[in-house]
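So the protein sequences, as listed, match chains H and L. Per our numbering, residue 72 is the first one in the first sequence, and the count goes up by one each step. Per our numbering, residue 72 is the first one in the second sequence, and the count goes up by one each step.
Errors might be hidden in some of the hints.
No copy labels: a pair is met if it fits in one copy or bridges any two.
[What the hints assert, rightly or not] Here are the computed lysine to aspartate or glutamate pairs in the EDC-like style, where the Cα-Cα straight-line distance is at most 16 Å:
1. Lys-331 x Asp-172
2. Lys-266 x Glu-76
3. Lys-631 x Glu-648
4. Lys-625 x Glu-682
5. Lys-270 x Asp-588
6. Lys-458 x Asp-402
7. Lys-157 x Glu-581
8. Lys-297 x Glu-76
9. Lys-372 x Asp-221
10. Lys-458 x Glu-404
Note that these hints are calculated values from the structure, not bench results.
There are 2 protein chains.
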Amino acid sequence: MHRKEDARFVRGRGTYVDDVNLPGMLYGAVLRSPYAHARIVSIDTSAAQAHPRVKAVITGQVLESLKLAWMPTLSYDTQAVLATDKVRFQGQEVAFVVAEDKYSARDALELIDVEYEPLPAVVDARKALDPEAPVIRDDKEGKANNHIFDWSAGDEAATDAAFARAEVVVAQDVLYPRVHPAPLETCGAVADFDKVTGKLTMWCNTQAPHAHRTVYALVAGLPEHKIRVISPDIGGGFGNKVPIYPGYVCAIVGSIVTGKPVKWMEDRSENLMSTGFARDYHMHGEVAADRDGKIRALRVKVIADHGAFNGTAQPTKFPAGFFHVFTGSYDMEAAHCAVTGVYTNKAPGGVAYACSFRITEAAYLVERLIDVLAYELKMDPAQLRMKNLLKPEQFPYPSPTGWEYDSGDYPKALRLAMDIAGYEELRKQQAAELQNWLAGDHTGTLTGIGISFFTEAVGAGPRKHMDILGLGMADGAELRVHPTGKGVLRISVQSQGQGHETTYAQIVAEELGIPVDDIEVVHGDTDQTPFGLGTYGSRSTPVSGAATAVVARKVRERAKLVASAMLEVDEGDLEWEKGRWYVRGDREQGKTIQEIAMAAHSSLELPDGVEGHLDATTVYNPPNLTFPFGAYICVVDVDPGTGQVKVRRFVAVDDCGVRINPTIVEGQVHGGLADGVGMALMQLIAFDEDGNCLGASFMDYLLPTSVECPSWELGETVTPSPHHPIGAKGVGESATVGSPAAVVNAVMDALKPFGVRHADMPLTPAQVWRAIQGRPLRTDLAIQ
Amino acid sequence: MHRKEDARFVRGRGTYVDDVNLPGMLYGAVLRSPYAHARIVSIDTSAAQAHPRVKAVITGQVLESLKLAWMPTLSYDTQAVLATDKVRFQGQEVAFVVAEDKYSARDALELIDVEYEPLPAVVDARKALDPEAPVIRDDKEGKANNHIFDWSAGDEAATDAAFARAEVVVAQDVLYPRVHPAPLETCGAVADFDKVTGKLTMWCNTQAPHAHRTVYALVAGLPEHKIRVISPDIGGGFGNKVPIYPGYVCAIVGSIVTGKPVKWMEDRSENLMSTGFARDYHMHGEVAADRDGKIRALRVKVIADHGAFNGTAQPTKFPAGFFHVFTGSYDMEAAHCAVTGVYTNKAPGGVAYACSFRITEAAYLVERLIDVLAYELKMDPAQLRMKNLLKPEQFPYPSPTGWEYDSGDYPKALRLAMDIAGYEELRKQQAAELQNWLAGDHTGTLTGIGISFFTEAVGAGPRKHMDILGLGMADGAELRVHPTGKGVLRISVQSQGQGHETTYAQIVAEELGIPVDDIEVVHGDTDQTPFGLGTYGSRSTPVSGAATAVVARKVRERAKLVASAMLEVDEGDLEWEKGRWYVRGDREQGKTIQEIAMAAHSSLELPDGVEGHLDATTVYNPPNLTFPFGAYICVVDVDPGTGQVKVRRFVAVDDCGVRINPTIVEGQVHGGLADGVGMALMQLIAFDEDGNCLGASFMDYLLPTSVECPSWELGETVTPSPHHPIGAKGVGESATVGSPAAVVNAVMDALKPFGVRHADMPLTPAQVWRAIQGRPLRTDLAIQ
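Chain H with its partners taken away, still in its complex shape (with noise of 0.2 Å):
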C-alpha cells in the first residue's frame, strides 16, 4: 500500500503555509536581539513608521497596551511576545513589521533603532544556579536566580543501600548537546482576523492545532470558537513545530491592527536561531553491578538547560516527567534520579525532537553507561545486555520509578539484530584487524561494533499522568459515512509527512472491511476535525489510531442495528465477516456496509431509537503509554589518523507492536535513523560565552545526507500492545531514539585500543583525533 498523499507531494501540489496567499494580505518581519543577555533602553520606531510600503511597526509597549506582551507557554512558563524590559536570548523577538511586501518589512527591520545596554550572559546551565550567576528571569516573582524546577523519580535510599552492597560501581559523566530539528520547512503563518465577525482563522504549521487554538484563545482573548487553526501540508515537524513561537502572535496582532491579512514566514537562520531547542542535558549516572555483570541500581544526576523561556512542550504534570524510563529495557533493584531545570540565555529548549520529553536523553545516557560497565569490566557489550534485559514474562512490567511498560520480549529482538548483523563473525574480523594494527600496520581504519537496546516510552498517555494546560492527552475521531458507503474520517492529530492520509484509512478501511480508497481523511483544521492533541511523542498511533479503530468499530456496530431492521432478524443473529453482516447460519443473507449505508439514509423504516445514519464520534483517552522498543547495531570504520568516521552498516530490529503500513514504518526508520548518525556525528548547535549562537546556517549545523548514511538493514518482531484497540505501539521516534547510542557506541568500541572509553557528541573528526590523542576535552561546546 503506497502512501496516499504522495500523489500531491510528488507532483509538487502539496499546499504549505508559504502557499496561502490570500487578497490584501500583508507580510510580516521580526526584529531579534543582537544579544543573548541586554537590557533595552529605548526603541525608535519612526523611521520604519514613515517607510512608504509599512502598515505597522509593532513594539512590546504596544502589545503592553493591548495586554499582549506575554504568552503563557505549553509548560506553565509566560514567555515574551515582544521583549519589553529585556532580551534574554540572542534572536529574541524585538520588533514586529507589517508591510506590504516582505522585502519592504525586512527593509524596514533596519529603519528600527535599539538602543540596548548588554548584560552578562549566562550560557553553561552548570553555572546558571551559582550564586552570582545573572539572573535571567527578574520578571519572574519569587525566582531570585535562574532554577525552574527539581524533579526526581526512583527510591533514593534503596539506590544508595544497593550502591553501598555493590561489587563494582562505575560513573560516567555524558552530555547530550544541544541540538535542532532542523526541519525542511521553517515555521510560519498566515493570520486572518475578520473584524465583522470577530473570527480569526489562522493558517500555521503547527503539528498540534488544537493545542494553538486554545493558546491563542488564552493569549489574544477571543474566544475558543472564534478560532480557526488550518494546518495545512507540513515540511517536516518533529517537535520543532509543537511551540507557540512569538512570530505567531504578532502575526495575529498585525492583522488585528491592520485589518488585513499578514504572512509571517521564518528563514532559515531565524528558524535555526531562535525556535525550540532539544537536549543540553548535562547528565551525571553511575551504575552499581555485580562483577559478572549483573546491573544491581542506577543513579543519575542531570542538570537541565530550558534557554531563556521554559516555553515549549512539556506535556507532563512534572517536568523531565519521561526521564522516567532511564533505567532503560533492563533489570535491577533499584533507580533514582535527579533533574535540576535551569534557564540560561539561549533560546527555549526542550522541544519533543524525536523522541520528546526526555527519553532520547535517558535512552542514551542508559546505553552509554551499559557500554562503560562492559568497557570496565571487559565483557562482551552484547553478552552484558542479553544478561540484563527485561525477560519476556516480566511483562507487564513495573519499573523502579512507578510506570508499568506494557509488553515485550527483548531478547528476542537482540538476537535478531545479531543474527542480522553476523554478530560474532564482525567480532572475529574485528579482532582480526586489530591484530594487525597491533602489529604494526596503521595503514587502514578500525572498526567498531556499536549495540544500542532502547524502550520508548509514547503515547503521551493517561490522563492521570499529564497534561497540556490543564487539558488531558486525548484525541478525538469522527467517521462520516456517506449514503453510498463513501466515508471520511476526522481526527485530531496532524500529520508532518508521517503518511496518515493513508495509515487512518488503512485502519478503517480493515475495520468495516472496505476499499482503502473509499476513506478519506481530514486532520489539521480545528473546525474540521474534533478536539485532540496533535502529533508529537510518537503519539498519533498510539492515541489517535487506537481512536480510529474504536470509532469504525462504533460504525460497524451501528450498522449492525440498521441490517437487522434491513434483514429482518434480531442483532443477536447477525455475524459479522469483512465488510459485511450476515445472518447466523445462513451466509446467503447479509447486507455490505455500503448497502446498510444507503438503507441507513434512504426511507427504510427503523426501530425507535435507532437513528438514520452510521457517523460516530469518539475520544480516546489512553489507559496507559505504549513501550515500543528496538535493538540496534551500528558497525563504523574509524581512521585514527583523521579522526574521520563512516558508519559501514547498520542493522535495526524495531518492535512497534502490529505494524498498519509496513512500508511507512520503515521510512519513519530510516529517517530516524539517519537523524541518529547525524546527531552522533555531526549536529551541534553552540554557542561562545557571551551566548552567541554560532551555527544558525546549514554551512555550521551540518545534516546527514545519503552520503553519511549506509543502506540500513532492517529487522522487526512484533509483540502487540495488550490495551491498544489493534495492537500497535507508534515508531515515529524510535529510530531516532535508539540510534545515537548505537554509533557513539560503535565509536566507542573501535577506539577501545586507545583507552578511550567515552567522548561526547556529536564525534566529529576533531572530537575523534583529539579523544584519541588523549588530551581533555571539553564536554559542553567542544567543537571549535
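Using the hints, position chain L against chain H.
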C-alpha cells in the same frame, strides 16, 4: 435577539459565490437555445475555439463522449446537460465556453454557429396530451406522448356519493400561473477539480449541498467522498436554488477539461428564462355543500405543467404528493383529487417556491372555492369558514387523504385575525361605501375584504412518505464543545437568509443554558457538516431544528456523566437547572457546563466507558410532518375605472408552534406576504404560442416593492407541535402560501357588485378592468 449574521451582511462582508476567486480561475458562459422546440442540425464551434482567450468549447457531443450528456434530476427524470438531438425549451443549454475572462466567454458564444430546424411547440399544458401534439421527450423510451404522471389522493367513490347527495354544488376553473422565485442572487458556481487528488471542490449557491453532492457524484462519476460542496452566503433561494442546473455540471466539466477552476454565473435574464419555475397548475375544483354552508366534499382535477424536464426538486415518492393538503383547513366527509403531469416546451417547473410541492396551489384553490361557495350562497366568507374549520378537539386530525395534522386551534386564529382587522366594522364601512356607489357616486374606490385560512404541511417529512433519489428526509446535527465551554454546531441545512446562525445558536443556548454568543453555527459545507437534505419546504426548523435540540440534549446527558465523576455522586442524584448540574438537595454543589467541558478534556479520571468530551452527533428522522397554519385578512381598494388595486391593510395571524426567534419569524412573514401580494397582483411568466418567454427581465416580470405593500399587521397563536422536541413547526413559507388567496379574495369581494366571481392571477389593472367589462378572459397568458 438580533440576527448574528447581520453584522457581516449589513457591512457588505458576506461571501457569495461570485466573491469566490481562485488563482488561475477561468470563466464559463452558456449558449442557450433561441427556440422552444427545434432539432439541432449542426453545431460549428471552430470559430469560438479559435478565439485567443478561449480555453474550451463544450457541446453535448463532447459530453456524450464523456457519458455526461444527461443527468439525473431530483424527480426521477433525466435532463440534458447540453442539448444534443434537439432543444426543448427557449433558453435550454446548448454549449459552454470556457475562457480566460467572462467577456471573452460571452463574446465567443456568438462565434458558435448552430443550425436549428424549428418544430411546433407545446405551450398550453391542457393541449399537451392531444394525440396530435408534438412529442417533446422522444429521448424517453415508451413515452410516446407528453404524459409524465397521474397521481390521485382521497376516496373517489365516497366523494362521488357525497356529491350525488349534495344540496349545492359549485365548480370553478382556477389557474395558478407560472411564476419565478426571482431571488436577488442568480445561480452560479465555481468548480475546482484537482487532477492530482481527484477531489472536486464545488462552490455553488445551493439550498441542499448534500443532495447536490450526491447528484454530482452520480453525474460526474466521482466518488462521493471526493466531492466537497460549499454553499457560501446566499442571496435568497425560495426553491430556485434546490435543483441541479446544467451550468453547474458544465462548470465541473470545464474544470476537469482545462485543469483550472471555472466560474459560472447566470445573468438575470438567464435566471428568469431557464431556471426552475413554480406553479403552472390548471385546476378545476368542485365543492359539495349543504344550503347552510356546511361543506360535504371536494373534487379536484389538475393539469400540472412541469416543462420540458421534470427536473426540479420534488422530494416525494409521488409527484404532486403535497397536494394531499387540498382539503385545506376544513372538515368534510370525503374528498378526491387527481393530478396529471405533462411535459411542455417550457423551462423545467415545479420548484419548491414557497411553499413547496403543491401546497401553495392547493391552498389557493380551496380558499378560492370557499369564496366562490360564499358568493353563490350569499354568505359572509368569514362565517362560512368558521362553520367549516376543523375544531381543536379534532386534532391530531386524520385528513381524507390519509395524512395526520399534528395540532391546531383554527377558530382561535381566525377570531384573532378578525379582531385585529376589526372585521365587523370593516364590513359596515364597506356596506356604506357600496351604498354610495350604487347611489351613483363613482368617484372613489371600492373596498374589498378578503380572508384566507391555510394549513401547511412542512418538514418534508417522515421517511416512509418521501425521498430524494432514495434518500430519506432526515437532517444531521453535530455539536462540539470546546474545553472552554464554547461550542460549534454543524448542521446539514443551509441558510439563504433565514437566520440559521442565530436561531440554531438560540436552540443550543436554551438547551444548555449558555450564552448564545458561545455557539458558532456552521453550515453549507459538505466537508464540515453531517449529511442531510437541506433547506426548502420550511423544513429547517421542523427537521434540522429538532436535530439541534436532540443533539444539545445529548450533550447535556453526557455532561451529566462527567459531572457525576466531578462531584463524586451518582448520576441519579443530579438535577439540571439552566446551565448546570447540581446535587439534588444541595444547590451549592454543582458544576456549570463550562466547568464540565474543561473537566471532560482534563486529566480528571472518568468511569470506564465515559469518553473525555461532550461532543454529540445525531440525525433526526421526523416522525411526521408539522402543520403550521394561519388566518389572513386583506383589505384592498379597487379603482373600477382603471382596474388598479391598492392593498390598504393586511392582517396575518400565524401559528407556527413555538417561536425560537420572534423577530426572524416576523421577518419571514413580512417577506412571504409581500411575495403573495406580488403573485396576486403582478408576477407572471408568459409565453407566446411558439413558446417564446415574454418576461425574462425585471422590466416585464414585476416584483412588489414597499410601494405596493401596506404596513403589515401581525398576530400570533401558539399551538406547539406535539412531536417536535421544542414544539416548533417552521414558518418560512407560510405567508407565501396563505397570502395570495387573501388578496385575490379581497379583489373579488370588491368586484362582487359587478357580478364577478373569479378572475385569475395576476390581477393586474388590465385583468381587473377586463373582468369588470365582462369580457371573456384567457386564463393562461392573459396579460398583454
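Going through the hints against the structure:
no., hint, verdict
1, Lys-331 x Asp-172, "within (13 Å within a copy, 27 Å between copies)"
2, Lys-266 x Glu-76, "between (36 Å within a copy, 13 Å between copies)"
3, Lys-631 x Glu-648, "within (12 Å within a copy, 37 Å between copies)"
4, Lys-625 x Glu-682, "both (13 Å within a copy, 13 Å between copies)"
5, Lys-270 x Asp-588, "between (35 Å within a copy, 12 Å between copies)"
6, Lys-458 x Asp-402, "within (9 Å within a copy, 94 Å between copies)"
7, Lys-157 x Glu-581, "neither (56 Å within a copy, 49 Å between copies)"
8, Lys-297 x Glu-76, "between (30 Å within a copy, 14 Å between copies)"
9, Lys-372 x Asp-221, "within (11 Å within a copy, 89 Å between copies)"
10, Lys-458 x Glu-404, "within (14 Å within a copy, 96 Å between copies)"
Checked against the numbered hints listed earlier, the structure breaks hint 7 alone; every other hint is satisfied.
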